[in-house]
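So the sequence lines, in the order shown, correspond to chains P and H.
Quick note, the first sequence lines up with residues 0 to 430 if you use numbering that gives the first Met the number 0.
Quick note, the second sequence lines up with residues 0 to 309 if you use numbering that gives the first Met the number 0.
I should point out that these hints are in silico values taken from the structure, not numbers from a laboratory.
All values reported here derive from a predicted model rather than from experimental measurement.
Glycine included, every Cβ here is placed at the ideal spot set by N, Cα and C.
It is possible that part of the hints are untrue.
Claimed, not checked - A short, non-exhaustive set of chain P residues, derived as facing chain H with CB atoms under 10 Å:
| hint | residue |
| --- | --- |
| 1 | 16 |
| 2 | 262 |
| 3 | 276 |
| 4 | 414 |
| 5 | 418 |
| 6 | 422 |
| 7 | 424 |
Unchecked claim - Just the calculated beta-carbon pair ranges, DEER-fashion:
| hint | chain 1 | residue 1 | chain 2 | residue 2 | range |
| --- | --- | --- | --- | --- | --- |
| 8 | H | 9 | P | 340 | 34 to 40 Å |
| 9 | H | 62 | P | 376 | 17 to 23 Å |
| 10 | P | 358 | H | 165 | 45 to 51 Å |
| 11 | H | 163 | P | 347 | 38 to 44 Å |
| 12 | H | 127 | P | 22 | 22 to 28 Å |
| 13 | H | 221 | P | 8 | 51 to 57 Å |
| 14 | P | 426 | H | 62 | 19 to 25 Å |
| 15 | H | 22 | P | 8 | 36 to 42 Å |
| 16 | H | 11 | P | 347 | 44 to 50 Å |
| 17 | H | 303 | P | 11 | 54 to 60 Å |
| 18 | P | 23 | H | 26 | 23 to 29 Å |
| 19 | H | 9 | P | 352 | 30 to 36 Å |
| 20 | P | 23 | H | 4 | 35 to 41 Å |
| 21 | P | 347 | H | 9 | 29 to 35 Å |
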Amino acid sequence: MIPFLALVRKDLRLFFGDRRAVVVGLIVPIVLASFFGYLFGGQGGQQETSRMPVLVIDQDGSAISGAVVAQLGSDKNLEVNSSTLDEARTQVRKGKARAAIVIPKDFGSDAGRAFFAGGKKPEISLLYDPSHSMEMNMVQGIMTGAVMQAVSKEMFSGQSGREMVKESIAQLDANSQMTPAEKKSLRDLLGSVEKWNEQQADQPAAGGAPAGLTIPFESRQEAITSGTEEKYNGYAHSFGGMGVQFILFMGLDVGIRLLLLRQSGLWQRLRAAPLSRSMLLGSRTVSAALISGFILLVLFSFARLVFHVRIQGSFLGFLGVCAAFSLMTAAFGLLIAALGKTVEATRGYAVMATLIMVMLGGSWVPTFVFPQWLQKVTVVVPTRWAMDGLDGMTWRGLGFSEALIPIGMLLLFTVLFGVLAVMSFRWETES
Amino acid sequence: MLEVKALRKNYGKIAAVDGISLRADSAQTIGLLGPNGAGKTTTVSMIAGLLPPDSGEVLIDGSPLRGDTDPVKRKIGLVPQNIALYDELTALANLNFLGALYGLSGAGLKRAIGEALDLVGLTDRAKDKVATFSGGMKRRLNLAAALLHDPQILLLDEPTVGVDPQSRNAIFDNLETLKKRGKTLVYTTHYMEEAERLCDRIIIIDHGKVIANDTLHGLHRMLPVTNLLAIELESPDHFKPEPLLALPEVESAEVKEGVLKVGLHNLTTGAPSILRWLAESGHSYQHVTSERPDLETVFLTLTGRTLRDS
Ligand SMILES: Nc1ncnc2c1ncn2[C@@H]1O[C@H](COP(=O)(O)OP(=O)(O)O)[C@@H](O)[C@H]1O
Ligand SMILES: [Mg+2]
Numbered sequence: 000m001i002p003f004l005a006l007v008r009k010d011l012r013l014f015f016g017d018r019r020a021v022v023v024g025l026i027v028p029i030v031l032a033s034f035f036g037y038l039f040g041g042q043g044g045q046q047e048t049s050r051m052p053v054l055v056i057d058q059d060g061s062a063i064s065g066a067v068v069a070q071l072g073s074d075k076n077l078e079v080n081s082s083t084l085d086e087a088r089t090q091v092r093k094g095k096a097r098a099a100i101v102i103p104k105d106f107g108s109d110a111g112r113a114f115f116a117g118g119k120k121p122e123i124s125l126l127y128d129p130s131h132s133m134e135m136n137m138v139q140g141i142m143t144g145a146v147m148q149a150v151s152k153e154m155f156s157g158q159s160g161r162e163m164v165k166e167s168i169a170q171l172d173a174n175s176q177m178t179p180a181e182k183k184s185l186r187d188l189l190g191s192v193e194k195w196n197e198q199q200a201d202q203p204a205a206g207g208a209p210a211g212l213t214i215p216f217e218s219r220q221e222a223i224t225s226g227t228e229e230k231y232n233g234y235a236h237s238f239g240g241m242g243v244q245f246i247l248f249m250g251l252d253v254g255i256r257l258l259l260l261r262q263s264g265l266w267q268r269l270r271a272a273p274l275s276r277s278m279l280l281g282s283r284t285v286s287a288a289l290i291s292g293f294i295l296l297v298l299f300s301f302a303r304l305v306f307h308v309r310i311q312g313s314f315l316g317f318l319g320v321c322a323a324f325s326l327m328t329a330a331f332g333l334l335i336a337a338l339g340k341t342v343e344a345t346r347g348y349a350v351m352a353t354l355i356m357v358m359l360g361g362s363w364v365p366t367f368v369f370p371q372w373l374q375k376v377t378v379v380v381p382t383r384w385a386m387d388g389l390d391g392m393t394w395r396g397l398g399f400s401e402a403l404i405p406i407g408m409l410l411l412f413t414v415l416f417g418v419l420a421v422m423s424f425r426w427e428t429e430s
Numbered sequence: 000m001l002e003v004k005a006l007r008k009n010y011g012k013i014a015a016v017d018g019i020s021l022r023a024d025s026a027q028t029i030g031l032l033g034p035n036g037a038g039k040t041t042t043v044s045m046i047a048g049l050l051p052p053d054s055g056e057v058l059i060d061g062s063p064l065r066g067d068t069d070p071v072k073r074k075i076g077l078v079p080q081n082i083a084l085y086d087e088l089t090a091l092a093n094l095n096f097l098g099a100l101y102g103l104s105g106a107g108l109k110r111a112i113g114e115a116l117d118l119v120g121l122t123d124r125a126k127d128k129v130a131t132f133s134g135g136m137k138r139r140l141n142l143a144a145a146l147l148h149d150p151q152i153l154l155l156d157e158p159t160v161g162v163d164p165q166s167r168n169a170i171f172d173n174l175e176t177l178k179k180r181g182k183t184l185v186y187t188t189h190y191m192e193e194a195e196r197l198c199d200r201i202i203i204i205d206h207g208k209v210i211a212n213d214t215l216h217g218l219h220r221m222l223p224v225t226n227l228l229a230i231e232l233e234s235p236d237h238f239k240p241e242p243l244l245a246l247p248e249v250e251s252a253e254v255k256e257g258v259l260k261v262g263l264h265n266l267t268t269g270a271p272s273i274l275r276w277l278a279e280s281g282h283s284y285q286h287v288t289s290e291r292p293d294l295e296t297v298f299l300t301l302t303g304r305t306l307r308d309s
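The following block holds chain P by itself, in its conformation from the complex:
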């Protein structure tokens, strides 16, 4: 026990004595995690999402098209400016505007006719920035609402609407596709609209102008996380992600140091002492795991104090995930030391492996934005389980039982890496 403790204490001393390692291990991930957390949603719902810049080209200039433009302008998600077609194309191409909406000539009259009687539907063109194609759906939705409202309002109360209703009634007689019964029903409907319109014109708006047809609902989005009063905290994910990344690099460093140690006289001294191999490797595993645990603790304490990140789920589960990930990292370090030959080459390969693991594990970008197939494939990446576990225990607020699978998977990787490392470790000294 004395040698084991001495070995662990020595590793901790060396780590904490090396300012550079501590800075890299603590301050850099804190800075990066703060930055990423701010970018990806911050503390949830507190800041304004920025309005999307959209251009409108009104080639019609009718009352209806004017109403559509006004309706778009009043939407809280859009920042609408009018423009010309050429100018709009340039702006969208440069990424200055997300989309441009082109309202063609005769839109007002065509839309009005098409509203009741079918007829030729006018075309609205949408020019959009392909790098923001997801937002396209949103613009389209807003536009549909705006057009619907503007056109229907004009039909039921506007001057041109009245004319168009009359025109639609006249056209009914010429329509050969409808049965007489259908024609009668529609004539009755249009007649009522005409009567309504006349009344509106005689005694304008007692309780404000009728608004026309509006989308009969408004949507409210609520992110589903641990509790209704707590919202998604982007910092919870970013601190977990950066913690995982930097701890992996720490594990890599453990491996490289062990590789260097094996080429030094100190290794001969360690081997000359009556110590078992499992004690030599085991103590390194324990010290690396303690350092990892410490790094996670500091990162999450910082996140809690500064960004109000809470462990919403099981605290025990959180500790379990941290411990399992720390062990996995230590075993990863041993594996590097076991497989590596020259320090330079090993560092190169190991950095690459680490970055890939970090990327696929969802430390940079959460895995839920990965395509489905990638989400399935990344179950073979140990960091994925660390991130799932940390996310689950922090902002998702899941219970201890949900931590069991990530912990189990991480321990599985620990055993796998550990066994590989011990099997391929070269114990003989190199002079």
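Since the structure of chain P is already known, use the hints to place chain H with the ligands on it.
Below, chain H with the ligands alone, put in the same frame as chain P:
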């Protein structure tokens, strides 16, 4: 007591150690002398249990080393060829750690560290980081670190490489002290002066094989030439040494840098007849000295190469 029997170790086709045997008793210093690559470190590593031999055995007080955790390892203290200390830690922290590897703790560890630092004269630098030490101080601490668990056998692998003459003398004094305390010392080196000065018995190895194993005295007796007479001639340029070889006592004769060197079997009878011959043939001289041949000559005689350039 340390006994090594027919140790062998191959690295691929290289026979790093090719049947080395030796024996070392207490209060004795055994020197392993050989050029770089002779197999000294490999031999020491096998003795310390770092490296399993291909064949042969190592007996410590009659019992072989079995496994990594064999308590017999406590009887051995290893001073590795490369300085084996953590630069980033203080001398004290290093010794605390290395002592704990042998299970030392508390007052016992403290006493052991005190004694070791005292022996190598580093007590006042105990709280300084090893990184601030000179090469000589690091070498001394490297020695101290092997003494903490009070081993009976000390394996010293080139413990004075890169050391100033003062520190080297200090280390030699330390080793003399340890020998007086009854320790068994195995000292590897490629400096013949070190082996000559320190060792009771010298084992010369080359290409993994023992080529000589004797006391310094015994090694000298192995030489065909036992004494060298060096004569500084007045006019060495035109001197021809060949006629000297006709004299019965003369083994060799050559002129090197203005000095006539004559090898003699017997100084008592040889020296007067040489000097007489010189006087009679009209060669005057200014200065005469006699030299013992050194281990360099022994190595040269045995291998045809010098220690340095092999
Ligand atoms: N780990 C190793 N792998 C391959 N060859 C080695 C290894 N260690 C030593 N050797 C070779 O064995 C021979 C003896 O080396 P060594 O014992 O270090 O010599 P010395 O200590 O006398 O300088 C040398 O030829 C060296 O190159
Ligand atoms: Mg050597």
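Hints numbered earlier in the text: which of these fail when held up against the supplied structure? Violated hints: 4, 5, 6, 7, 8, 9, 10, 16, 18, 20; rest satisfied.
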